Structure formats: structure tokens, C-alpha cells
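Participant: Residues per chain, in single letters:
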Amino acid sequence: MQAVNTPSLPDAEGPSAPLTFITCGSVDDGKSTLIGRLLYDSRALMADQLAGLASSAFAGTATDGFDLSRATDGLEAEREQGITIDVAWRYFATPRRKFVIADTPGHAQYTRNMVTGASHAQAAVLLVDVTKLDLDAPEVILLEQTRRHAALVRLLGLPHVLVAINKMDAVNFDRAVFERVRDAFAVLAGVLGLPDWLALPVSALTGDGVTCQSEHMTWFDGPTLLQALESLAGGEISAAPVSDVRAEAPAWLPVQWSLRDSDIDGARWYCGRLTEGTLRVGEPIRALPTGSGAPTATVVALRVAGHPSAQAQAGDAVAVRLDQPLDIARGDWLTTAAAAQLGQRLDATLAWLDAAALVPGRPVLLRHGTRWVMACVERVTARLDLAQAAWSVDHQPIAANDIAAVHIEAAEPLPLGTSVRHARGRFLLIDPHTHATLAAGVVGQPFGDTLASAERVRREWAG
Amino acid sequence: MNAPLSAAAAAALAASEASLEALEHEAIAILWETFGAFERPALLCSFGKDSLVLLHLARKAAQPGRLPLPVLHVDTGHNFPEVIAFRDDLVHTFGLDLRVALVEESIQRGTVRLAHADESRNRHQSVTLLEAVARHRFDALLGGARRDEEKARAKERVFSHRDRFGQWQPRLQRPEFWDLWNTRHGTGEHFRVFPLSNWTELDIWRYIEREGIALPPIYYAHRRAVVERNGRLVPITPFTPPAAGERVLERSVRFRTVGDATCTCPVESTASTAGEIVAETLTATVSERGATRMDDQASETAMERRKREGYF
Ligand SMILES: Nc1nc2c(ncn2[C@@H]2O[C@H](COP(=O)(O)OP(=O)(O)OP(=O)(O)O)[C@@H](O)[C@H]2O)c(=O)[nH]1
Ligand SMILES: [Mg+2]
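Chain order of the listed sequences is A and B. Take the first sequence: its position 437, counting from 1, is numbered 438 in my numbering, and each next residue is one higher. Take the second sequence: its position 241, counting from 1, is numbered 1463 in my numbering, and each next residue is one higher.
To be clear, the hints were calculated from the coordinates, so they are not data collected in a lab. There could be a bad hint or two in this list.
A few chain B residues that face chain A, going by a derived Cβ cut-off under 7 Å, partial list only [stated by the list, open to error]:
| hint | residue |
| --- | --- |
| 1 | Ala1234 |
| 2 | Ala1237 |
| 3 | Glu1246 |
| 4 | Ala1251 |
| 5 | Gly1258 |
| 6 | Arg1262 |
| 7 | Thr1333 |
| 8 | Arg1335 |
| 9 | Pro1392 |
| 10 | Trp1400 |
| 11 | Arg1451 |
| 12 | Arg1454 |
| 13 | Phe1461 |
| 14 | Thr1505 |
Short, incomplete list of chain B residues facing chain A, as computed with Cβ under 7 Å [said to hold, decoys possible]:
| hint | residue |
| --- | --- |
| 15 | Gly1287 |
| 16 | Lys1377 |
| 17 | Pro1397 |
| 18 | Thr1405 |
| 19 | Thr1409 |
Covered stretches of chain A (in silico footprint by chain B; criterion: 3 or more residues with CB under 8 Å from a CB of chain B, positions within the stretch not fixed) [stated by the list, open to error]:
| hint | region |
| --- | --- |
| 20 | 109-117 |
| 21 | 358-367 |
| 22 | 410-416 |
Just so we're clear, the structure is a prediction, and the values are computed from it rather than from any experiment. Don't be surprised by glycine CBs; every beta carbon is placed ideally from N, CA and C.
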């Protein structure tokens, strides 16, 4: 197995498209400190914000008089407990690129907030704290939460992972430590099928390897973390939501709202954000799931962000006017696709995030696109065993923060996508009474070969 | 004021430029979701720059139809007169359905009790706001808050749930996956919706410049009587007279934020166009609220505590 995978590296000049990334990893691995360091060293913290860090009533470990984790730990409870509870969003720009950072919590209890951040990101910085690992063991075992976050990053389809092997200052910047931890990660990445990852040695505390080359780690000839972030490709996906923006694909538009034209009598416009493909005036279109037959109308006008336009592309907020009145409402999809499969039964993978365990057979609300339908998880086919990084069919209940392969039946047919790369491949499960969000769902099974073979075990077991 | 930009500032400007389109599409989609998923939404508007950018986007989102919701102004009674004049003009020009909620009326009802007659009414706005939500039975309030303003706001969801008491519960926020927003709620609960969540101060000014959005004149350089207090310039108004022994100065200033007149400070500036403000923003060394808000400086958690009570 190849130990280091080179990410799709740079287009060297000019500012690249903005990049949204998360920091994730286990509790206290140094995520917030790393973000503080990145902001501090790129001079993105303003004078009053720095003064706030220095004067913080809870200031703990200090660097240059500041506790860098306080730059993002903005809640009172976070500062009291010295942990991150919810995602903090930060914005900063270097001469090369504008960044949106989501600093997510490492605590297993707050996994739902990590998934919140990850679902909006194009890249993950996954931290590993070298001081927490048994480096004398024959094989370095990564922490369960590191594995969980790696699996979630894969589940959500984030295209790039930078593995920041942190606290190198605490191990004398020892090359052998870095390499052992990197190799342990390589095994996990292989099993999970992470496509594009790169390991980097850093110290968030001292700044080594973060924005400047470390004089303590001259043995490492890769980029600094900031250089790596500046050069990741981001063009083929859009940040929020991560979605396929290839122009040649058929157009898909979930209708959010419709409005009556104040000038043209009786004319209606259907509004939504185009999730895939390109939509042009003159194209035949149909509405799903209701009008599943042949195209039934033609696009006569488009408005992109309020302005008349001949075409719209994925990511655009677009209003569509058709040549004839159709019975279209919020919850429908408009599409130019010639053939679209509607499905009512789906195999899916869930990140189960409710405090209570999943109860198969219990009715839930499912949100797909802008549509809400009743649904039920008919059965659990397997649970991801994080210790083994393999599917397990042990019949244990699916508890908070588990990843599970399930079979779902929805009350109505839906135009399902095939993977998380498409908006149509994603859904939510919600408690119909408390309205709590129970799970983030992805159509299909996104993990790699090793897990796929466990999937076969599952099939045999399921009969 | 047209000093050439440093290379870093020019790059930051180019980066903001590149993201402006995407931010606009994102904001409009959030607006459509609010129009479509709620029965009685309203747009909260202070007639400050972020609210006015939001209103501009809402009008764009409604093209070529009419703005489908009322505009709610929570009025402390301590206003900059230029802002109220601007509001009344705009209501007329755009034909807005304006609802005003007066803190003064809450005081008269007895639901707001001031500690002393000239106490700042800023924090008390939450009561008046929640009374308006109950009276009009609003189930969603659109607001112009941005995550880059303040560290508690940096934790906020785009569709942020409020319980029956209007409270924000920062430790129990609903997760928010992709743009599959969970807008479901029980009776009496509501949502705050923030389409400008991911915009920075620079993005806002770039957009104001690009779209030619009109703002109250106090956003641009003007001469004003101020006193220097704790490193900030405090404007002299009928509600904020100089303290004994303070020297009143006249300075060329502009406001970076506009809120209640008793807690908003201007910064020294000669910038008289949005383009000049963009240039100043690129080289600012103090954050927007740090430079201008007395209400956040009281304690590190001032904003979080106000937000829990139902503040914007
Ligand atoms: N020696 C050393 N300590 C570090 C380094 N980075 C972070 N720390 C310390 O590790 C502790 C945890 O840091 P945080 O940044 O709060 O960790 P976190 O990953 O954000 O934690 P959660 O968000 O609660 O999961 C703090 O005491 C930091 O000072 C590092 O590079 N070297
Ligand atoms: Mg943290």
C-alpha cells in the first residue's frame, strides 16, 4: 500500500476558488489551537480580538501570552470547560485564497456538530495527537474518535483530507514518530477508501509546519499546512452544499418556493438552487415525482439571482417560468433528465446522531430535496465497527454516533441520486413529534473494498 | 483616501470578489426556503447596512413579484435621526409593509423596567422583539447577523431554532446538514434565519458597492461632535451627553455598525464612498464590533447572554 498519497496539487498562480474546510479529530488533539495559530500567523486576528484572548478569564496554555484555542471557542461553556462544543465558523484570506473554516468539536457527544461542519466543507484537516498514542506497541492504534471522524469524512464525500500529525514539539520533532503515525493512518485510509490524503507533521502550539517550514523538521520535504490548503483543488465542487457542478449533466432543481409575476397575468416562477447540470431557456422540462412521464413543459424564461438570463448553472439561485401551467409546488424537482428513476425503497448509510438508539420500524420524517415524506428504517443491515474498521452484523442496537447501513422505505417515490456527490443522494431523518434531527443519510454505501467485502458477509447473513 | 493597495490587500479583494456570486446565490436560496417553508415569516430590519443588504437580496429573490413578507423594526426610541428619515423614505419608495415594535410601549406595559431613566435600552429590545413575535404570530424572522461579527455569532446556525420563550440554546443547537434545513417546529416556537451568515464585513461593502445599495448617510464620512472615552469615539446625542469634564471634539467620522444610539460608536474616517470604505476595511486593524460597540465590551460573554434571551 502506498503510504502517502499526493493530493491534486497546485495550479500555481493567482487566487484559487474559495475553500471551506473543517478541523476534526479526537478531543484535545489541538484543533482549536491550530485554527488560532493559522489565524494568528496569517495576521487574521484583529487587535481587539487578540486583546480578548490575552484577557480571557479562563486563559490556559499560553503562546506569546495568548491562548490560541480561545480564538474559536466562543461560548461561555466552552471556555469554562476548555473544550469545543459546537462548530465555530471563521473567515480569512491569504494572498492565494479565501478560506471558510469550521472548527468542529472532537468530543464524541458532539459528533452531530462535527457532521454539521463537515457537510458544508470541501476538505478536512484531521488532527492526530501523537502524545495520546502508544508508540512502543508493535502497531500504532489510532483513537476511536480519529477513526470515527475519518469514516464520517468519507461518508460525507469530502474530496480532500490533510492529516495534521500534531504536538510534534512534545516528541522532539521525531521523524520516526511521524512516520509510524502516518503509516497507521494509511491503513485506515485504505480500508475506508479515502481517495486523496496527505500527512503533515505540525505543532499547533509552536507553529512548526503550520504557516512556515519548520527548522525542527527539516527531514520533512512536503508543504506546510497552509501551503497544502492553498493548493487543494476546489473547482469541481461547490462549497455549500458540496455538489457536482459538471456542466454537461442534466439539470436538477428542487423547488423551494413559487411566486406570481406582478407584470404578466397568471405567470408563475418556480424558485430553487440548481443542484446539478445546466438549465437553458427553450429546454423541455418535467416535474418529479408527480409528472414522471414525458417532458411536459418548456422553459420560457430564467432569472439567475433576480436577473434575466439565458442559462443557469449548478449552484445558481434560479427562478424558472414555463410555457404552460403545471401543478408544481415546493417539494417537487424540475429536471431536464430524459430518464429518472423514482425509488421508494433505498439502501442507505446513516450517521445516527440522536441520543436515543435507532428503533427499526418506527415512523420518521425524511427530508429529500425540499420534500418531506413519512418513512421508516425497515432494518439495519450492518453497523460500522470502528475498532475493526469493518461492517459488523452483531445485531447490537444503533446508538448515538454510530454509522449504520440500513434499508429504508419511504411513503412516496423519490428521484434518488446514487451517491453523496449529488444533492439527490442525501437526506435527513427527523422525529415527527419532537422535530429533532435524528440522522444524516447518504444513498448507497460509500466505503472502500475492504468494507465492501464485509458487505458480502452481511448479505449472506441477511439471506 | 485612494492610496494604492498592498499586494496582500489586493489579493484579499480579489478573493472576496470571487466569492461574492456564490454568497449571493446562497443567501437567495436561504430566503426562498424561508418564504416557502414558513407560514408567517418577517424580515427584521434595523436599517443598518447588513439589514439593508438583506432587504436588497430579499427584493431580488422576489423578482419579478412582490416582497412576500412584512419588515419588522424594533425601535428603542434612541435612534440616529438620519436612520429614521432613511427608513421612512425607503418604506415609501419600496412600498414596504413596515411593522414597528417600540421599546417605549413595552416600558408602558411594564414588561420592560429600566434600572434608571437613562439606562441603555439595547438589551431590552429582546423583550419588545419577542412581544412582536407573539403578537404577529411570526414563525420565522430573517436577520442580517453575520458569523464574522462576534464569537457567539460564529457558532450560530443558518436556521436557528428558538423555543417557546424565544431562547437560543447554544449547547443544544440542532445539527444542520448540507442545505437540507430542518425547519420543523412546535407551536409558539420560531426560527431566526441568517442568510448573511457567511458574509464578512468586506463582502458586505463590496456588495453595497457592486449593487449600488443606498445606506443612511452616517455610514459615510461626516463631521460629528464626539468625546473620547475608553479609546472609542462616543457620539454626542440627546441620549448621550458628554460627562462632566469631557471635552467635546468635532471629527470626521463614519459608522461601521448602526444600532441603538446609546451603544454605537463611529470611527475616524474620510471615506465618502463604498469603494473608499472597501479600501479602509482591507487595512483595518480593529474588528467591526470591537471598534464600535459598547454593548459587547461589558464582558466576554455579553453577546451570548443577550442572544440566549432572544436578542437578534
Ligand atoms: N505540546 C503541544 N500541545 C498542544 C499542541 N496543540 C494543542 N496543544 C494543547 O492541547 C490542548 C487541547 O487543545 P485544543 O486546541 O483546545 O484541542 P481541540 O482539538 O480543539 O479540543 P476539542 O475541540 O475540545 O475536541 C491545549 O492544552 C493545547 O494547548 C501542540 O502542538 N503541542
Ligand atoms: Mg476545539
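Participant: Run the structure past the numbered hints and jot down the numbers of the failing ones, going up.
Facilitator: 6, 7, 8, 11, 12, 13, 14, 18, 19, 21 and 22
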